[in-house]
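Protein sequence lines, in the order shown, are assigned to chains A and B. Letter by letter, the first sequence follows residues 29 to 305 of the working numbering. Letter by letter, the second sequence follows residues 29 to 305 of the working numbering.
Think of the hints as simulated: they come from the structure by calculation, not from any bench. Be aware that one or more of the hints could be misleading.
Identical chains blur together in the list; that is why a pair holds if it fits in one copy or across any two.
Cross-link-like lysine-lysine pairs, in silico, DSS-like; alpha carbons within 30 Å at most [to be verified]: (1) 141 - 286; (2) 168 - 286; (3) 176 - 300; (4) 300 - 92; (5) 43 - 167; (6) 213 - 286; (7) 286 - 64.
2 protein chains.
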Amino acid sequence: MRGQTGSRSNGIMRKRPIGIFDSGLGGLTVLKEIRKILPGEDIIYFGDTARVPYGAKSRDTVIKFSVQNADFLVGLGVKMIVAACNTSSSFSLPTLRRRYNIPVVGVIGPGAKGAAGATRKLKVGVIGTKATISSDIYKKEIKKINPKIDVIGASCPLFVPLVEEGWLNTDVTEVIARRYLAPLKQKGIDSIVLGCTHYPLLKPVISRIFGKNVSVIDSASQTAKAVKKILDNNGISNNSGQARCRFYVSDEPELFRKIGSRFLGSRINSVKRVEVG
Amino acid sequence: MRGQTGSRSNGIMRKRPIGIFDSGLGGLTVLKEIRKILPGEDIIYFGDTARVPYGAKSRDTVIKFSVQNADFLVGLGVKMIVAACNTSSSFSLPTLRRRYNIPVVGVIGPGAKGAAGATRKLKVGVIGTKATISSDIYKKEIKKINPKIDVIGASCPLFVPLVEEGWLNTDVTEVIARRYLAPLKQKGIDSIVLGCTHYPLLKPVISRIFGKNVSVIDSASQTAKAVKKILDNNGISNNSGQARCRFYVSDEPELFRKIGSRFLGSRINSVKRVEVG
Chain A
29 MRGQTGSRSN
39 GIMRKRPIGI
49 FDSGLGGLTV
59 LKEIRKILPG
69 EDIIYFGDTA
79 RVPYGAKSRD
89 TVIKFSVQNA
99 DFLVGLGVKM
109 IVAACNTSSS
119 FSLPTLRRRY
129 NIPVVGVIGP
139 GAKGAAGATR
149 KLKVGVIGTK
159 ATISSDIYKK
169 EIKKINPKID
179 VIGASCPLFV
189 PLVEEGWLNT
199 DVTEVIARRY
209 LAPLKQKGID
219 SIVLGCTHYP
229 LLKPVISRIF
239 GKNVSVIDSA
249 SQTAKAVKKI
259 LDNNGISNNS
269 GQARCRFYVS
279 DEPELFRKIG
289 SRFLGSRINS
299 VKRVEVG
Chain B
29 MRGQTGSRSN
39 GIMRKRPIGI
49 FDSGLGGLTV
59 LKEIRKILPG
69 EDIIYFGDTA
79 RVPYGAKSRD
89 TVIKFSVQNA
99 DFLVGLGVKM
109 IVAACNTSSS
119 FSLPTLRRRY
129 NIPVVGVIGP
139 GAKGAAGATR
149 KLKVGVIGTK
159 ATISSDIYKK
169 EIKKINPKID
179 VIGASCPLFV
189 PLVEEGWLNT
199 DVTEVIARRY
209 LAPLKQKGID
219 SIVLGCTHYP
229 LLKPVISRIF
239 GKNVSVIDSA
249 SQTAKAVKKI
259 LDNNGISNNS
269 GQARCRFYVS
279 DEPELFRKIG
289 SRFLGSRINS
299 VKRVEVG
């Protein structure tokens, strides 16, 4: 068991940063939402850009990488770990929770909760990477909340490269999105979870395809709410910090900085490269 | 200095397998061409599927991974190393050549030679990943052969995910390809190098877009010819082997086997998982 133990006072814990990791850039959409509703918190972000993406990799490889990433954050003294990657959240949460004595939050639970709360026809769609969809994790989590909800998944492997290419509002993206989303539309869902942290950047296209009667659930903002609740419940939230964000990556910082600013909607200044694994 | 030294006889060397590595699946297009013209050779293929893709990663990360992959093959006693990945070939050949005492071949030199031989208007296009194109390696290699040749590069980041999705002949692929290739068409190239081992699967679309007056140079078949020549020149080719192919990957073998068969055009039976790095 690693990380902060319960023996220290909450006062010391409060001032510690929140640790966020992702396979690469996508988790920055989660960081952005956390900063919005927790403006006093310090944050450390780690993006595993040397081994990105995780979405088509196997369960045990994803768990191994996730543990290495979280170990790095715990080594920097974080008070909480956010696995801001759907693929990692699908597989690694039980392992991470056994390993550390600090709260560990993923993006799946909050997204599932948001979708279960929004559907009226009890028909929810979930889109994500191949690994996330084939794990059926959203289905399991949503059915835990309400077993009557029908959950229909669709993997969209081209969405991540489209976002990283910056083709957010092109005809090509619309055609690809229509193709991926057609089966969900046909099934008559009224709520859809964006089950990948890259997808919020495609929200305008996705919303346009489904029309206004379908709620588009962005797991980034749902996760931020869950983070706030856990910090509050544990008495370790920090309203008076300097809101410093530190960024670490496992590959070239410059590559991360360029595309990362698009995800974050603001300029990233300093990014450090570290070795993990 | 590792690998086979010159002190053993060529007779023993001859019977050793050829080692091929790639970041993932793409190198199978090179393996396929090698098998065609060297049907007596045993081959060991390693795909670094846990860390795939290399195309958007930095120079030193790609070199580090390439050395680990090649060390694995050398440990299995190969007589030659083929870096069947354009990104790896762009960055790691000098390091690999210093490290081992057996021939090391990449895919860039052979592709460049093919293009330089095919162009009449002295205008060559090169397409590849971001890393390959921004390294300008094809330009350098082609200009070494003939400095008068104009080389125009274009990176096509969506081609790899399109191929892995199996969308080889769809409207979407055609639209994306037209968009990426338009600047090359406009410049009036008469020869284009497919500078990524995934791209031969898109050859029909690419050929259609350029028409019959543009030669499409597939570096896989060029590389196979280079491999044959080096083996012959060193007196270590094997015409009487059992043509056994062994496959190793760093992630889940099943994922590799499924898509790999599409690349190879024949069924892959046994794939073993190994740890590298």
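Structure versus earlier hints, numbers of those that do not hold, lowest first: Hint check: 1, 3, 5 fail, others pass.
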